[in-house]
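This is what each chain is made of:
Number of protein chains: 4
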Amino acid sequence: MIWCDGLALGSPTNMGLLSWKMKRFWDEAMAPHWMKVDGRIACAFSSSGGWGGGTELACQSLLTVLINFGFLVFGVTDYAGKLTTAHYGAVTAREPRDEGTQAACRLLGKRLAEWVAVFCDGRKDQHPLTKADVRLPPG
Amino acid sequence: MIWCDGLALGSPTNMGLLSWKMKRFWDEAMAPHWMKVDGRIACAFSSSGGWGGGTELACQSLLTVLINFGFLVFGVTDYAGKLTTAHYGAVTAREPRDEGTQAACRLLGKRLAEWVAVFCDGRKDQHPLTKADVRLPPG
Amino acid sequence: MIWCDGLALGSPTNMGLLSWKMKRFWDEAMAPHWMKVDGRIACAFSSSGGWGGGTELACQSLLTVLINFGFLVFGVTDYAGKLTTAHYGAVTAREPRDEGTQAACRLLGKRLAEWVAVFCDGRKDQHPLTKADVRLPPG
Amino acid sequence: MIWCDGLALGSPTNMGLLSWKMKRFWDEAMAPHWMKVDGRIACAFSSSGGWGGGTELACQSLLTVLINFGFLVFGVTDYAGKLTTAHYGAVTAREPRDEGTQAACRLLGKRLAEWVAVFCDGRKDQHPLTKADVRLPPG
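Protein chains in written order, with my numbering: chain A, 23 to 161; chain B, 23 to 161; chain C, 23 to 161; chain D, 23 to 161.
Simulated from the structure, these hints should not be mistaken for laboratory data.
Take these hints with a grain of salt, some might be off.
Chain copies aren't distinguished; within one or between two, either way the pair holds.
[Unchecked claim] With a straight-line cut-off of 30 Å between C-alpha atoms, the simulated DSBU-like cross-links for lysine-lysine are:
id : residue 1 : residue 2
1  : K104      : K58
2  : K104      : K43
3  : K104      : K153
4  : K153      : K43
5  : K43       : K146
6  : K132      : K43
7  : K146      : K58
8  : K146      : K104
9  : K58       : K153
10 : K132      : K146
11 : K132      : K58
12 : K58       : K43
Given the sequences, and given the hints that come with them, work out the whole structure.
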């Protein structure tokens with residue numbers, strides 16, 4: 023966390039939020055670094071026991087913590103497949119076995135790499151709006 | 023809204039929140055009734071273009087509006103199927119065609135009827151903790 | 023938590039959410055009671071280091087946990103003073119010393135008692151819409 | 023919105039969320055630009071009728087819309103005064119007349135300018151972690 027430019031932060035969804043262990047990490051281990059790690063670029067991912075089980079809310083809670091630490095957080099506009107996106111983080115029910123979920127995880131990671139390249143390394147050719155890669159719309 | 027005891031409020035997920043038309047309904051049509059409809063029991067449901075597309079956040083925004091109006095809001099603990107629940111409202115991608123989603127919608131509606139029966143009509147026999155109906159745990 | 027009808031749940035605001043200790047309580051101590059405590063009535067309160075410091079988001083996170091456990095959650099429509107309300111829970115910066123904050127805490131507690139009286143004990147005379155108590159509008 | 027590098031997005035707090043008019047702007051006017059404006063840097067601000075009235079939740083809803091559009095969103099770690107910060111956006115009750123609120127608004131705007139300078143214009147000297155400006159801790 024001290025030297026990274028970008029971060030993908032994940033947690034199991036527990037009671038609709040990040041786990042207490044992940045929360046403790048930020049409340050305790052990271053507290054001394056608060057106001058010293060501003061300006062990283064970050065996104066979130068989470069898995070719950072079922073669809074409708076709170077993964078998006080868990081991602082929202084992860085983003086809240088990251089914003090608190092001064093991070094710039096983002097999601098992905100594009101779709102990863104016909105019925106899958108990661109607008110507010112990559113989410114799934116149980117293990118991320120199906121193709122759509124895995125594509126969403128890869129897309130989120132790719133976007134993270136792109137934003138770090140564009141914003142931290144000055145590689146404007148990596149901007150998703152200008153590079154040639156296909157970006158899937160809904161449906 | 024004036025005479026109901028319970029309410030299931032739904033909206034398409036637009037940009038991760040309730041639609042502007044639904045918001046306008048509460049901001050304008052319902053504003054004169056604010057502080058006059060406290061104490062109804064309510065829940066939320068929403069559909070987006072894909073999984074990970076913001077349905078849980080849209081339900082959260084609907085619950086926020088309902089809480090603002092003094093409603094008591096709830097979700098469902100039980101699972102509706104192997105991989106489907108409605109912990110913070112019933113959610114789906116696109117039309118609610120698959121069995122799990124439809125079961126989640128029915129379960130949320132049933133729970134709404136139960137809470138209204140228990141809390142508004144004094145029918146304690148309808149409490150989900152005491153009636154005989156099967157309640158599915160995760161998985 | 024096992025026998026209560028109503029609950030006011032509070033936590034310090036840590037990184038914009040409930041504290042890890044409070045989260046652990048629900049993730050661990052309360053987990054065996056999940057699906058066994060549905061239908062309680064609950065609200066939230068929180069304090070942070072400063073205004074704009076995340077108290078409302080911390081209350082939202084507490085309500086998310088409560089909804090996960092099947093609780094019916096609420097806020098207060100009325101104002102507690104000229105510039106203070108508790109729409110989504112009672113909030114303050116630092117210790118709740120000033121009059122407005124204390125009035126908001128009392129109002130939230132009163133509303134909790136009223137909803138429990140109305141919904142759990144069948145005392146419809148305690149409904150805030152019908153009893154004679156003054157309810158402050160905004161401003 | 024088409025050519026900006028950074029954006030501070032504000033709305034009155036209405037029912038705990040952005041106003042329906044602001045929502046309509048994104049749902050309708052901006053919809054054709056979705057997937058075409060990714061990668062801007064943005065933050066939020068809001069005012070409600072009273073403290074505890076939902077400003078933080080309204081900022082959260084603004085950030086949700088911005089994330090949906092592919093923006094990178096942030097808050098401010100530093101304090102703007104003894105009891106005022108803008109961790110998740112700048113918030114106030116009523117008009118932003120008092121000194122703390124105005125300082126928080128200025129601090130958020132300054133941070134927006136800094137992130138745009140650092141990330142879009144390659145001016146690493148503007149990074150808040152390295153420039154000489156005083157940054158207030160809590161209290």
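For each hint, the structure was consulted:
1. In this assembly of identical chains, the alpha carbons of K104 and K58 lie at most 30 Å apart only when taken from different copies (20 Å versus 41 Å within one copy).
2. When the C-alpha separation of K104 and K43 is checked against a cutoff of 30 Å, the pair qualifies only between copies, where the shortest distance is 27 Å, while the shortest distance within a copy is 34 Å.
3. In this assembly of identical chains, K104 and K153 lie within 30 Å of each other by CA distance solely inside one copy; the values are 22 Å within and 41 Å between copies.
4. Taking the shortest alpha-carbon separations for K153 and K43, neither the intra-copy value of 39 Å nor the inter-copy value of 34 Å comes in at or below 30 Å.
5. In this assembly of identical chains, K43 and K146 lie within 30 Å of each other by CA distance neither inside one copy nor across copies; the values are 37 Å within and 34 Å between.
6. In the homo-oligomer, the alpha carbons of K132 and K43 lie at most 30 Å apart inside one protomer (27 Å), although the nearest pairing across protomers, at 34 Å, exceeds that limit.
7. When the C-alpha separation of K146 and K58 is checked against a cutoff of 30 Å, the pair qualifies both within a copy, at 27 Å, and between copies, at 16 Å.
8. Taking the closest pair of Cα atoms, K146 and K104 come within 30 Å of each other only inside a single copy of the chain (29 Å); across copies the shortest separation is 40 Å, beyond that limit.
9. Taking identical chains as interchangeable, the C-alpha atoms of K58 and K153 lie at most 30 Å apart only when they sit on different chains, with a minimum of 12 Å there against 33 Å within one chain.
10. When the C-alpha separation of K132 and K146 is checked against a cutoff of 30 Å, the pair qualifies both within a copy, at 15 Å, and between copies, at 24 Å.
11. Taking the closest pair of Cα atoms, K132 and K58 come within 30 Å of each other both inside a single copy (26 Å) and across two copies (18 Å).
12. Taking the shortest Cα distances, K58 and K43 sit within 30 Å of each other both inside one copy (22 Å) and across copies (24 Å).
In this structure, the earlier hints numbered 4, 5 are contradicted, and the remaining ones agree with it.
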